[in-house]
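**Student:** This is what each chain is made of:
4 protein chains.
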Amino acid sequence: MKNTFGNNLTVTLFGESHGDFIGAVLDGVSPGIKIDRENIDKRLSQRRPSGKISTARVERDEYIIASGEYQGYTTGTPLTVLIPNTNKKSGDYEKLAKTPRPSHADYTAECKYHGFQDRRGGGHFSGRITAALVAVGAILESALADKGILIGTHISELHGVADRGFEVYGDDIATLNSSAFPVLREVTYENMMREIEKAAAMGDSVGGILESAVIGLPAGVGEPWFDTLEGMLAHALFSVPAVKGVEFGLGFAFADVYGSEGNDAFRIDGGKIVTETNNSGGINGGISNGMPIIFRTAIKPTPSIFKSQKTVNLEDMSDTTIEISGRHDPAIIHRARTVIDAVTAITLADAFTTRFGTDYLASKD
Amino acid sequence: MKNTFGNNLTVTLFGESHGDFIGAVLDGVSPGIKIDRENIDKRLSQRRPSGKISTARVERDEYIIASGEYQGYTTGTPLTVLIPNTNKKSGDYEKLAKTPRPSHADYTAECKYHGFQDRRGGGHFSGRITAALVAVGAILESALADKGILIGTHISELHGVADRGFEVYGDDIATLNSSAFPVLREVTYENMMREIEKAAAMGDSVGGILESAVIGLPAGVGEPWFDTLEGMLAHALFSVPAVKGVEFGLGFAFADVYGSEGNDAFRIDGGKIVTETNNSGGINGGISNGMPIIFRTAIKPTPSIFKSQKTVNLEDMSDTTIEISGRHDPAIIHRARTVIDAVTAITLADAFTTRFGTDYLASKD
Amino acid sequence: MKNTFGNNLTVTLFGESHGDFIGAVLDGVSPGIKIDRENIDKRLSQRRPSGKISTARVERDEYIIASGEYQGYTTGTPLTVLIPNTNKKSGDYEKLAKTPRPSHADYTAECKYHGFQDRRGGGHFSGRITAALVAVGAILESALADKGILIGTHISELHGVADRGFEVYGDDIATLNSSAFPVLREVTYENMMREIEKAAAMGDSVGGILESAVIGLPAGVGEPWFDTLEGMLAHALFSVPAVKGVEFGLGFAFADVYGSEGNDAFRIDGGKIVTETNNSGGINGGISNGMPIIFRTAIKPTPSIFKSQKTVNLEDMSDTTIEISGRHDPAIIHRARTVIDAVTAITLADAFTTRFGTDYLASKD
Amino acid sequence: MKNTFGNNLTVTLFGESHGDFIGAVLDGVSPGIKIDRENIDKRLSQRRPSGKISTARVERDEYIIASGEYQGYTTGTPLTVLIPNTNKKSGDYEKLAKTPRPSHADYTAECKYHGFQDRRGGGHFSGRITAALVAVGAILESALADKGILIGTHISELHGVADRGFEVYGDDIATLNSSAFPVLREVTYENMMREIEKAAAMGDSVGGILESAVIGLPAGVGEPWFDTLEGMLAHALFSVPAVKGVEFGLGFAFADVYGSEGNDAFRIDGGKIVTETNNSGGINGGISNGMPIIFRTAIKPTPSIFKSQKTVNLEDMSDTTIEISGRHDPAIIHRARTVIDAVTAITLADAFTTRFGTDYLASKD
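Protein chains in written order, with the working numbering: chain A, 1 to 365; chain B, 1 to 365; chain C, 1 to 365; chain D, 1 to 365.
Derived from the structure by calculation, the hints contain no laboratory data.
Take the hints with a grain of salt, since some may be wrong.
Pairs count within a copy or across copies, as identical chains cannot be separated in the list.
Taking lysine to any residue pairs in the SDA-like style, the calculated list, with each CA pair at most 20 Å apart, reads [claimed, not checked]: (1) Lys-42 - Asn-177; (2) Lys-307 - Asp-61; (3) Lys-310 - Asp-41; (4) Lys-42 - Val-274; (5) Lys-147 - Phe-356; (6) Lys-310 - Gly-326; (7) Lys-147 - Arg-355; (8) Lys-307 - Glu-261; (9) Lys-198 - Gly-270; (10) Lys-307 - Gly-32; (11) Lys-34 - Glu-315; (12) Lys-272 - Lys-310; (13) Lys-147 - Leu-314; (14) Lys-98 - Ala-265; (15) Lys-147 - Lys-198; (16) Lys-98 - Gly-290; (17) Lys-147 - His-328.
Construct the complete structure from the given sequences, taking the supplied hints into account.
**Tutor:** The structure is reproduced here in structure tokens:
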């Protein structure tokens, strides 16, 4: 399905960095979801570059809900968000055509689209496209929150600097979601910022690890094979540019423990079934077990750096170098986090709609 | 799509551990692929438990190609593999109904299927179901090999014991694919075996990390969003029981490097474009770049152990303990590897068929 | 999706006439549906050739529910029906390879599968494959009936002989569903039988029109675009071999009426909204309006006839003739009707599951 | 998939009559297709109401290709057409909320969307939405024409007035496609126009039958089950508002012929295999046989008429009447024809892309 994702609720993504609009279509959304424009604005602003750690390009992210909304609620018909591209600078994109940037999609796009791709600003591969995902994700995020399901993410590691892990789930989520640079300990912020500034000073960039939690998801959502919660979430998460790894619960650390250490014992807590540990990250056999869903995503350093890099000239097939001018983010991990929350909301809303039908996510008011 | 995966070429999986048959249907397969029964047998035997490190249950894995084959070649119509369940012991499955095994799917299945699930031997969640995936994957694996595309996996870590990484891609693959316990250094085998035996002696189990390589994939396969090569592979890989993490190239290690270190410089090598490093794991912007695809999957220790574990009694909602009798594998990572190769073959064959049409994978002879 | 159909509930079909098994996989089915084996048997026997008006080949239609059933109920995991091919005669299929039968799929299969197709008995194109559809359809038909939704079909026309139309919906359905040759007037049966015998005597065949009704479907099921009830039903119906036309309500007769005649006026009847006429066939804007769904399907005469026919020799590209020996049905319309009821049940069960979630069709007992 | 249709090439439709934009996203389109804006304009103008036989609302159908085009060619990434809704009159839509129009979607929309639907101008059910389909269909139509595949439609019947059938396929198509009211005989035009004027004078409306031909489609395209050419085309065609029937080749007339009359004999013609008749409409076993694809669609009279009609008041559940003011088309069949050509182009382009891969439809220049 290429640019469409989901089963009963789908999202279709389109646009290029320098086209007229980027956008996303949500289909299969419940009628009667209150459109939470405040959350859309908050999430778009978190994704938007701002301040010294980000690119200088000012993107206003005005958006239009072009269909599927009436009098403040979803109609149940396809909901389309359009975001106009207003600040398009015509760079020297002919150069990119000849000398692909290392670890960018310039070369693979050439192989796939045979030169017909729109190279301006990264075209369809631009991180800017994620703004549309963030907008529709924000709508579903609010709808899920209405059902008691909260999604939140913090930067758990950045170039060697680690944050503490999730502890008290509920409290953290609210705070994280209103922060532009979400961490769980104040000192982490300062240490990470120092790393980012150091990288910026060198004309370089840093990556890191994001840790996400989903609270309040009832048990019994997901499928045993293929459309496991892990599989669907990972499918969506790997669409977020720069994501190169996804793990649930203990994840790769399972390699070092015994089964007796890794297993999550059940116990009764206040009449409810819970597990003593949550090494499974809230998922067994592909299906939610009622504990928080916990996953981590690896974010590579943004490949756009000021340093000179080796590349090739596609025209004469010779070795050469490239210096990428323009605006570069030394870190995009805090912005990527917003996209991760968005695709998580989309994936869960789809799993819910598949499980409980197309009216399930309607607001109660 | 639940138990169906893929776009232009799909696989549908069905069956329970103690039903009459488990099976898989491949649809959209090219006509004229030579059915490589030797490879099916080899791969099934690698997946099958055998020897002291595995469960005592002898599974013969006879299989029937019930449709889609004629005179040794695929017909182009749905190809169905059926595997009869011949060795079904009727255990005390009523007990499981009341006391779910920690980190198994017993509890989540109950939440999803309301008691109607077949609990015998894990039912639809049984690892045995993967035998059908392995069989159809083996057919596609041979078809891809015919096109010069090789898939192979080694155990890169097992309870703290590490193998060396891939170095010389081509040579390793052939050797790995004929080994029942694939590692790249002989000493690794002994050290890992010692860990497994230690765990077995304690009635416990161990997990690890598998590293896979895909060699010979042309550049230009995959999609920019959602159906990225990473997203499609991860979607399939997380179906493999026990997989809790997937990373490509440097993966989570990207958190510790600068962009200048993580970027893969291009250069010309023998008239071909290659990258000096392969930190991207062969994928940029979701699309293959012509370098080997490299990914790692985290395998949790099998949750079936002999040790007594805490659980709950679902009937009276009280705390209790469980001791799981029967056959347990102290390690299943070497068997999981075969399933990983199978779903990789399926995912790549799908990506190819989508890109090049439904006749693409036909044999040349 | 080729051999898979449906959104939230899917059916996957496989098999060839002379393979080991034909079969179908239902995925996304609610857990807890009582398997109505009596209905499966009844429906399979209606589809099966018998008596003088049908082919002499005796097909016993034994079937195995190979997965997805436990203790008489659906488990919620994929339900697979397998039907062994027991009565395989090895005809002269090499001849078919050279001289395609007119209006059969021999030639188009050759163009699509390049000679790799299994030609024995029509292979994957054999009407026999529909037995698997009938079996899984019968399970869903009973589940829908439990919810008050009834599906029934009569032969409304056969080679110029017309039956009366539906009048009293509820009563007719029960009677129709227990008849091997369903008509609404007794005299129709005799007249149609006479036509069939006449055709048989000439070594020829006849077609006709089937009219189907769905009673009890609540209003609000279906989608405005693409997955309209009409579109989904038609998609499935055109899979039934020999179907060459589908119309809803007045259908093609709309060409002769004014809007004021064709529109269905609303009125209140016993506190419920009904329409005075049902020219729309129970569907407006792709969505059910609570009135019976009424549609008709055109069934072409079976192309297998004893008369000599002109065809070509594919080897030397010359004109030639063919006489098709073996068993031929002079009419298959009464058997096709069972397949139409089956795909209707599948399509509606899918629309329901999409609308109301995956637990919706579970039995109440 | 609700508002998304297709397998390897998909179209997603969105918008409401009085929203900001309606639009469609084509995904999976080959890179390098020349965007034929002339054809888009021609096709949009044919769909647009004009002259005395159509509604007085002037729709300019300006459109924006918001993504997926660069320098006049498709990029291969999702192509989005947006059409602004510029001429929105705020009618008395509250009234519609209470008294649903007969044979419109007002009542079924209420049942499905619980009052959240946008009722203005028919909302998502408005025929206006088809403008977006027409635009993207026109792009694919030109791409198919580049490969020698032509699509054309004439009005074969209008309220009892019949046109002649297709005879010389190639010549007709070109002429039909440049006509705003496509018929094959001049006298048909006058007779049909007279019927339309008569209906208009009475405040009533008329329907009819459209006959379409696809010329130049190679043999071997389509699938045996479910995604048969007939099934895929019918699925798309029933999305076109007012379509209530679809038949291929002889269609419903098969009910009156013997197999020996209905079968299409093969013969060699100029070294090519053709059939003497084309009663199958170019499709056997769901797959194209190289002859023209011929199908007919039944178009119901537009339900918007000036005459007073019986309906109900949804608020107090009482009987009442409605007079629909505003603009009404006495006939929309000539406009519906453009939408039918569009969805035919989309469906065939999808079947081709599935068969031959994603690069297949690229222009040769």
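**Student:** Taking the hints in turn, state whether each one holds.
**Tutor:** Hint-by-hint comparison with the structure:
no., hint, verdict
1, Lys-42 - Asn-177, "within (9 Å within a copy, 50 Å between copies)"
2, Lys-307 - Asp-61, "neither (30 Å within a copy, 49 Å between copies)"
3, Lys-310 - Asp-41, "neither (40 Å within a copy, 46 Å between copies)"
4, Lys-42 - Val-274, "neither (33 Å within a copy, 42 Å between copies)"
5, Lys-147 - Phe-356, "both (13 Å within a copy, 18 Å between copies)"
6, Lys-310 - Gly-326, "within (18 Å within a copy, 59 Å between copies)"
7, Lys-147 - Arg-355, "both (14 Å within a copy, 19 Å between copies)"
8, Lys-307 - Glu-261, "between (46 Å within a copy, 11 Å between copies)"
9, Lys-198 - Gly-270, "neither (49 Å within a copy, 38 Å between copies)"
10, Lys-307 - Gly-32, "neither (51 Å within a copy, 34 Å between copies)"
11, Lys-34 - Glu-315, "neither (53 Å within a copy, 24 Å between copies)"
12, Lys-272 - Lys-310, "between (58 Å within a copy, 15 Å between copies)"
13, Lys-147 - Leu-314, "neither (53 Å within a copy, 26 Å between copies)"
14, Lys-98 - Ala-265, "between (57 Å within a copy, 15 Å between copies)"
15, Lys-147 - Lys-198, "neither (43 Å within a copy, 47 Å between copies)"
16, Lys-98 - Gly-290, "between (52 Å within a copy, 18 Å between copies)"
17, Lys-147 - His-328, "neither (39 Å within a copy, 40 Å between copies)"
Hint check: violations occur at hints 2, 3, 4, 9, 10, 11, 13, 15, 17; the rest are consistent with the structure.
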